[in-house]
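Can you build the whole structure from these sequences, using the hints too?
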Amino acid sequence: MPSTSPEAEVAPVAAAPVPARPGPAAPDGDVVGLGRGRAMVFVAPALVLVGVFLVFPAVWTIYLGLLDYSLTGSAAKAPTFVGLGNYVTALGDPAFTRSLYLTLLYVGFSAVVGQNVLGFLLAWFFRTTHAVVRNVLNVLVLLAWILPGSVVAFLWQALLDRRDGTLNAILGTTDYAWAIDHPMAVIIVFNIWRGTAFSMLLYAAAINTVPRSHLEVARMAGARPWQQLRDVVLPTVKRHVLTNTLLITLWTFNDFSPYLLTGGGPDNQSEILPVYIYKEAIIGGHLGYGSAISLLLLVANLVIAVAYIRLLRTRSHDEATA
Amino acid sequence: MSAAASAAPVRSSARTLAPARTVATRSLVYAGVCVLVVFFALPLLWLVLTPFSPAPSYRATLSGFTLDNMAKLFDNPQTWPSIRNSLVLAIGSSVLVIALAALAAYALSRVRIPGRDQLLYALLLLSSIVTGTAAMVPIFLMLFQIGLIDRQVGVVLVLSGGLLPAAVFMLKDFVDSIPRSYEESARVFGASPSQILRHIVLPVIRPGMATVGVWALVQVWGNFLVPYVLLSDPAKQPAAVVMYTFYDAGGQPNFALISTFALVYSVPVVVLYLVVNRRYGFAFQGGIKG
Chain A
1 MPSTSPEAEV
11 APVAAAPVPA
21 RPGPAAPDGD
31 VVGLGRGRAM
41 VFVAPALVLV
51 GVFLVFPAVW
61 TIYLGLLDYS
71 LTGSAAKAPT
81 FVGLGNYVTA
91 LGDPAFTRSL
101 YLTLLYVGFS
111 AVVGQNVLGF
121 LLAWFFRTTH
131 AVVRNVLNVL
141 VLLAWILPGS
151 VVAFLWQALL
161 DRRDGTLNAI
171 LGTTDYAWAI
181 DHPMAVIIVF
191 NIWRGTAFSM
201 LLYAAAINTV
211 PRSHLEVARM
221 AGARPWQQLR
231 DVVLPTVKRH
241 VLTNTLLITL
251 WTFNDFSPYL
261 LTGGGPDNQS
271 EILPVYIYKE
281 AIIGGHLGYG
291 SAISLLLLVA
301 NLVIAVAYIR
311 LLRTRSHDEA
321 TA
Chain B
1 MSAAASAAPV
11 RSSARTLAPA
21 RTVATRSLVY
31 AGVCVLVVFF
41 ALPLLWLVLT
51 PFSPAPSYRA
61 TLSGFTLDNM
71 AKLFDNPQTW
81 PSIRNSLVLA
91 IGSSVLVIAL
101 AALAAYALSR
111 VRIPGRDQLL
121 YALLLLSSIV
131 TGTAAMVPIF
141 LMLFQIGLID
151 RQVGVVLVLS
161 GGLLPAAVFM
171 LKDFVDSIPR
181 SYEESARVFG
191 ASPSQILRHI
201 VLPVIRPGMA
211 TVGVWALVQV
221 WGNFLVPYVL
231 LSDPAKQPAA
241 VVMYTFYDAG
251 GQPNFALIST
261 FALVYSVPVV
271 VLYLVVNRRY
281 GFAFQGGIKG
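Chains A and B, in that order, are what the protein sequence lines are. Our numbering puts the first residue of the first sequence at 1, with every later residue one more than the last. Our numbering puts the first residue of the second sequence at 1, with every later residue one more than the last.
What follows is a list of derived Cβ distance ranges for each label pair:
no.: 1; chain 1: B; residue 1: S232; chain 2: A; residue 2: L105; range: 29 to 37 angstroms
no.: 2; chain 1: A; residue 1: R230; chain 2: B; residue 2: G251; range: 51 to 59 angstroms
no.: 3; chain 1: B; residue 1: Y247; chain 2: A; residue 2: P211; range: 52 to 60 angstroms
Calculated from the structure, these hints are not laboratory results. Backbone N, C-alpha and C define an ideal beta-carbon position, used for all residues, glycine too.
Encoded structure:
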């Protein structure tokens, strides 16, 4: 790809000669008469930026993960090729295997179960509830989702503080250090609070696609709410459950915000993989080792994303053939 | 479709609903709702109450009202540069993303470039798997080696690269939905491609560009990890990172400063969200008149 500056690439368009006569619109929709060449020039700057700052780092991770490479010390001057050595080290390192285990706990309980179930319950409840209750709850859940991560992390620190925290004040417990005694539970509850909004919005939209007449028929036939849910709503919403679960799993897997709440501590008890990578590579300077772990994260992301895209494709295929 | 018809089996026994039971389930549901309201509201209380509290601490209490904390925020020499840094990063990335995404999205929508659909799918896939967390090591090292570490332009480029695929995707959808008759009629009247782009296409896709721009702005404004990893000079760090430096020598947070700062830093995000949300129902309306 030519590395000309975006300005230089766009310039010819402004100076383009006026066509002698307006030809008929091209059948492929190129009504302006841009032509393939100029279209590629239009796309090129975006591709260059994405290529350099997104694709290259991802590919480079594969190579870096095979090196003994550090920011400081002898391994900084001359990185040596160690093959799969970093991966062997990782598997033998209890800190890594524990981090992996904690990550699975975190993703499983906060996203797959927590956000999923709570988001669905909220969406289901919103269907019939009074508008005032719905709006209040809706605004609160959305606020938790849209506020900047730095702010919400501090809000939770204030809530859970050992001496003056609001939670201790309400419960009447004194000197109870929630984030130190139950770090995993804290970050799991925190993430449910933080991320339920997405599942709620998605399920609310999905439940809306269930035709009202079907629910009406079910109600006339005497189906109670949970029977309507099971027999009418769930079959329609089933695929959305999968979509939602894949997306929130992907995001929670890559979530760095627990670091702002517990810093991975105490004693690495809440050190999920993103925090582990940060501490090993950026703080500890073990770039080769950190890259190897990053690659595992990338591969996991890839598997989830491919599953998601396949799901979307089969869905549009189903709709096309239905 | 057929599932729903068969999914409503007649349950004759269900007609015999005991009223006591409905009352019980109803109160259970409302108890649950109360718990949820408290759960979601409790952490937010601090952000609302503490900035105006005469004695700010970790505890969110309603003990009077003062604007002294705001005065402290205005007097602090650290706060405004960090807000300015946030603005530089957010606006810089947003403008870059809008410009490059609009060019790419328009070309991809209107011209059949070979491999276009594969390219779009590859972009979608990439943007979701190469996250800041997964790529922080190679990005850190790359910027370190090309001399962009601890420079705001490095953060802008990295964040823009990450946001661009989704931005191109969203904008292409938007351009796809615009009828081609605008461009066609301009062409019939002999306008050149550059004239059509500037005077017809640009005004028409401006709402889509605005939406994508606001989206990028909010994403960058709230991002903690990327500037945290890439910027070490406190004078260059944005608000998201600087918020964690307002501690006194004893390690106690400066509550007056943090609470007001958190509020000032959060308000733009909420306002922008509301604006976008109100406009979300926006569909391209109108048409060629006359």
